Amino acid sequence: MRCRVLRLGMALYAFEAEATAFVGENGQTAARLEGDYDILLTNRLILQPTAEANFYGKNDSERGVGSGLANTELGLRLRYEIVREFAPYIGISWSRSYGNTADMLRDEGEDVEEARFVAGIRMWF
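When the sequence shown is numbered by our numbering, its final residue is 183 and no position is left out of the sequence of numbers.
Among these hints, one or two may not hold up.
Said to hold, decoys possible - Label-pair ranges, simulated between beta-carbon atoms:
(1) Gly82 / Met181: 28 to 34 Å
(2) Arg142 / Val176: 16 to 22 Å
(3) Val81 / Arg142: 33 to 39 Å
(4) Ala77 / Tyr156: 17 to 23 Å
(5) Phe113 / Pro146: 31 to 37 Å
(6) Arg142 / Phe175: 21 to 27 Å
(7) Arg121 / Leu99: 17 to 23 Å
(8) Leu136 / Glu172: 16 to 22 Å
(9) Val141 / Val170: 37 to 43 Å
(10) Arg102 / Tyr156: 34 to 40 Å
(11) Ala177 / Glu76: 28 to 34 Å
In short, the hints are calculated from the structure, not lab data.
Remember, it's a predicted structure, so these values are computed and weren't measured experimentally.
Cβ atoms here follow ideal geometry from the backbone N, Cα and C, with glycine treated the same way.
All chains, full assembly: derive it from the sequences and hints.
As structure tokens, then:
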């Protein structure tokens, strides 16, 4: 049985926050905290900083995650809202792994930090 609990909402000053908890079949637990904020440069051009942190209750070598704070990700996206429901964006994302998760990555010859350029389209209806 898998269980997922989600809490989503707007905090002060239009800061969007999301907290998610997971419980797995074998007693595995995880939590994710996410937040972002829209900075209006113009009515259509928006800069959006984002942050995410993932926590795990115990080591899971099959999934390559360790207990405690496993990883964080910081990002910055610039989007242009052609219409509110359709907005292309570009940005950069930086992620880092910590503790046992970082040790598992190093053992596999992987990097514990990485930066990526991102591009896409934000759509909703």
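Cross-check of the supplied hints:
1. Gly82 / Met181: 28 to 34 Å: holds (31 Å)
2. Arg142 / Val176: 16 to 22 Å: Given about 21 Å between the Cβ atoms, the range holds.
3. Val81 / Arg142: 33 to 39 Å: Given about 36 Å between the Cβ atoms, the range holds.
4. Ala77 / Tyr156: 17 to 23 Å: Holds, since Ala77 and Tyr156 (Cβ atoms, about 19 Å apart) stay within the stated range.
5. Phe113 / Pro146: 31 to 37 Å: holds (33 Å)
6. Arg142 / Phe175: 21 to 27 Å: Given about 25 Å between the Cβ atoms, the range holds.
7. Arg121 / Leu99: 17 to 23 Å: Since Arg121 and Leu99 have Cβ atoms about 39 Å apart, the given range 17 to 23 Å is violated.
8. Leu136 / Glu172: 16 to 22 Å: holds (20 Å)
9. Val141 / Val170: 37 to 43 Å: holds (40 Å)
10. Arg102 / Tyr156: 34 to 40 Å: holds (38 Å)
11. Ala177 / Glu76: 28 to 34 Å: violated (23 Å)
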